[in-house]
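Undergrad: Using the sequences plus the hints, can you model the full thing?
If you read the protein sequences in the order shown, they are chains A and B. Positions in the first sequence are counted from 1; adding 768 to them yields my numbering. Positions in the second sequence are counted from 1; adding 768 to them yields my numbering.
Nothing false has been slipped in among the hints.
The list treats identical chains as interchangeable, and a pair is accepted whether it falls inside one copy or across any two copies.
Derived EDC-like pairs: lysine to aspartate or glutamate, alpha-carbon spacing no greater than 16 angstroms straight-line:
{"no.": "1", "residue 1": "K866", "residue 2": "E856"}
{"no.": "2", "residue 1": "K1250", "residue 2": "E1238"}
{"no.": "3", "residue 1": "K1104", "residue 2": "E830"}
{"no.": "4", "residue 1": "K1082", "residue 2": "D1106"}
{"no.": "5", "residue 1": "K881", "residue 2": "E856"}
{"no.": "6", "residue 1": "K1214", "residue 2": "E983"}
{"no.": "7", "residue 1": "K866", "residue 2": "E851"}
{"no.": "8", "residue 1": "K772", "residue 2": "E786"}
{"no.": "9", "residue 1": "K866", "residue 2": "E884"}
For the record, the hints were derived by calculation from the structure and aren't laboratory data. Since the structure is predicted, the reported quantities are computational estimates derived from the model, not experimental observations.
There are 2 protein chains.
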Amino acid sequence: MHKKLPTRAENFSEWYNEIIKRAELAENAAVRGCMTIRPYGFAIWEKMQAILDKAFKATGHENAYFPIFIPKSYLNREAAHVEGFAKECAVVTHYRLKATEDGQQVVVDPSAKLEEELIVRPTSETIIWNSYKNWIQSYRDLPLLINQWCNVVRWEMRTRLFLRTAEFLWQEGHTAHATQAEAEQEALQMLNIYADFGKDYLAIPFLKGIKTEHERFAGAEETYTIEALMQDGKALQAGTSHFLGQRFAKAFEVTFTNQAGQLDYVWGTSWGLTTRLIGALVMTHSDDKGLVLPPRVAPIQIVIIPIYRTQEEKEAIQQQAQHIQQQLIAHNISAKLDGRDEHKPGWKFAEYELKGVPIRMAIGPNDLANNTVELTRRDTSEKTTVPTDNIIVVVKSMLDSIHDNLYQRAYEFREQNTYQVNSYEEFKTAISQKRGFILAHWDGTKETERQIHAETKATIRCIPLEVNTEPGVCIYTGKPSKQRVVFGQAY
Amino acid sequence: MHKKLPTRAENFSEWYNEIIKRAELAENAAVRGCMTIRPYGFAIWEKMQAILDKAFKATGHENAYFPIFIPKSYLNREAAHVEGFAKECAVVTHYRLKATEDGQQVVVDPSAKLEEELIVRPTSETIIWNSYKNWIQSYRDLPLLINQWCNVVRWEMRTRLFLRTAEFLWQEGHTAHATQAEAEQEALQMLNIYADFGKDYLAIPFLKGIKTEHERFAGAEETYTIEALMQDGKALQAGTSHFLGQRFAKAFEVTFTNQAGQLDYVWGTSWGLTTRLIGALVMTHSDDKGLVLPPRVAPIQIVIIPIYRTQEEKEAIQQQAQHIQQQLIAHNISAKLDGRDEHKPGWKFAEYELKGVPIRMAIGPNDLANNTVELTRRDTSEKTTVPTDNIIVVVKSMLDSIHDNLYQRAYEFREQNTYQVNSYEEFKTAISQKRGFILAHWDGTKETERQIHAETKATIRCIPLEVNTEPGVCIYTGKPSKQRVVFGQAY
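TA: This is the structure we're talking about:
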């Protein structure tokens, strides 16, 4: 049978690792810090990709593909950018191996040294803006709205499956615009697409905000962020959208002739979401029985488990199960039938609970006789016996209801774990005892931000958008503050 | 206006390069040997991916993602494999850069040297079979049917956009089976899926065959291939499917308990198609006016161009054009409306001809009055004026007809350029004057194969499947031969 999971209360970190492993989402690879995304985990990513890709295309973006290698000198063209990425990048120095003299080993061939080292892309602003230089001449070439789905590498020292790995998958949008206003609008538009995606598909309430200068993307003039609160009270940066100003245009000499016939630098944005979102899903919704997947990104939305004793029962029930499965699939509901004989129904119940399948449908001899099925919701464990006539409508509405419930639960958790504090003492108590999102006044200086971080491990997650701004005084220095910012202890 | 393309007869190679460039499919990147796939080229790849991915899933395969880095020692575990790939791989040796003392440059940080170098994957058999070791214990875990869409790197010396680049995109299937027969069947099944994809979507007739030992994949026991004939008479290997025997299972100790309770090594296959297919498309169908895209992978299947003189005409025609575009899109036909004022219709005609859009729809004042449109086929330049009532049916059937015509044309070209020769003299004349596929008897030895290649540049493209095997004597040595093989000069 299934071994019991560690509980969240016992050891949140172990609980997370075990869910990832036992639900077969991913595993650590042989290469330090890299992960293998297993089929079940990858299927979640594919669902996310399909939804996002559609949203990107609906807003006029096209996909393209740029090289994985970036010449070392390119990184260096934008001062903040190289500062941010040089310390953690994989460097290709040679292009050939050769056999040792005894023929037993292969070693790097010293004669195949590259003239200029290549960096495995940590992000693609530099190589992309270098192309944009040739693609953009006039305002008629703008806006240029491009997205890329790919792998990137950042040589992180402490890694964690999905949350922080040396290689991860993501999408990176890179757009070029004729005006500052248009670029700023684009950066905000993408932030909103991300936040809506969270609400409508991941059932995660994302807090939208602006990063402080200290937490800003290396090379951006403004970084917008979506922040989520995990069940252990820690914050997770789930995606970012950057207004780049004219920085990369200036670094790569990307100019255009505007409508007035004048030459100007192009305005840019970039924005990205990564496989980290799978980690966010796990830590937002799952429980002590295992993974809980929001229905709209679940690879299997409903699993059908036949229950029988005799061969005769088996055949009749399998037939009914197949019939229902086909109906569900015809209505775009991802339905799996597990009719394997080598496992008992109880084992299967535990297995799909662990794997977070939103609905379990059991069909036994009584169900067959009564033309019913038993549905069990993964989120609430609630069981209902329903007639099969109307099964599509019932399942669809249950999937929606599970989505809504997961969102509501996560939203309430966040509300309950968001605190306003008005003194540094209160702040320290809150962050050490409860974590969560802590709304506090800050004087706007890097120095205060750093001091608070050094003393409490808390960082400013964001300066929230969409809140009433009421002025006050900084909890640390007593200096004036324009609005509360959100502190948290981050992953 | 549009500059004239070089013709195929003048300079096939220049013609190819210019089409890729002017149709904005791809371009050489700043990194030697790498390419940037531009949105129009990438949209073709996305269409291919969607079709293939569906076919893979319909045959039970799931997608997953394995790390881009392979520890150097892994390559070395399978003797033929390392021999095949060591000479052309990108090697990561360090994981950090640092600023020079003057702060002006970044250099590799010598203190951040990896203990073991990492290879950027040229193909993933090694890292994947290393995972399979942990995933497979019993026959119940088999077959394991996994596919990966990703980028790979092979440090090719002579590169050519799409055909041979240092980095390219592909899918690589890696399957594990309990029996030899099942693995062989899988390798053949995937070959057939590839060939059907060629016929049904790319309008390319692929010749199916087996590679000689010399041309076999490094680590395979049998390599199946699909070979295409380009318009210049050169052959292009378009995809391969490998029966790996138990080689990688033995190299990575992947065993399983079979139904009889005995421990055995697992049987494997791998198979891949790459962005090279875009090059194959161009060189198979395009003409001296530009790209010709087969409709089922064309990003734009029909372009609508309004023709007007007055503002009044413009408004009425644009409205009609939008109405028709919406109808087409509602029927899953990818329709673009180019209503831009800054370009004349003649310019647009040339532009979409260059870009290979299968059908052009022009709507002028007379068309509006008569409720007609003028359709022009890209493949034949044939014009027809048709009523708008029935436009969906007409366009759909024209797209099918274009597909069929392109396939037929390519098939006939191949037939006309396939020669049977019975002596080495005939062979040399054919290969030097006409190239094409040359069917000749061969004695089955590596030595003869090498000699013929050295003297004529011709390689054995494949030992064809699905032909009558009639014995004969080798054109080079006069020794007995079981069947004719296909020679060609390859890209």
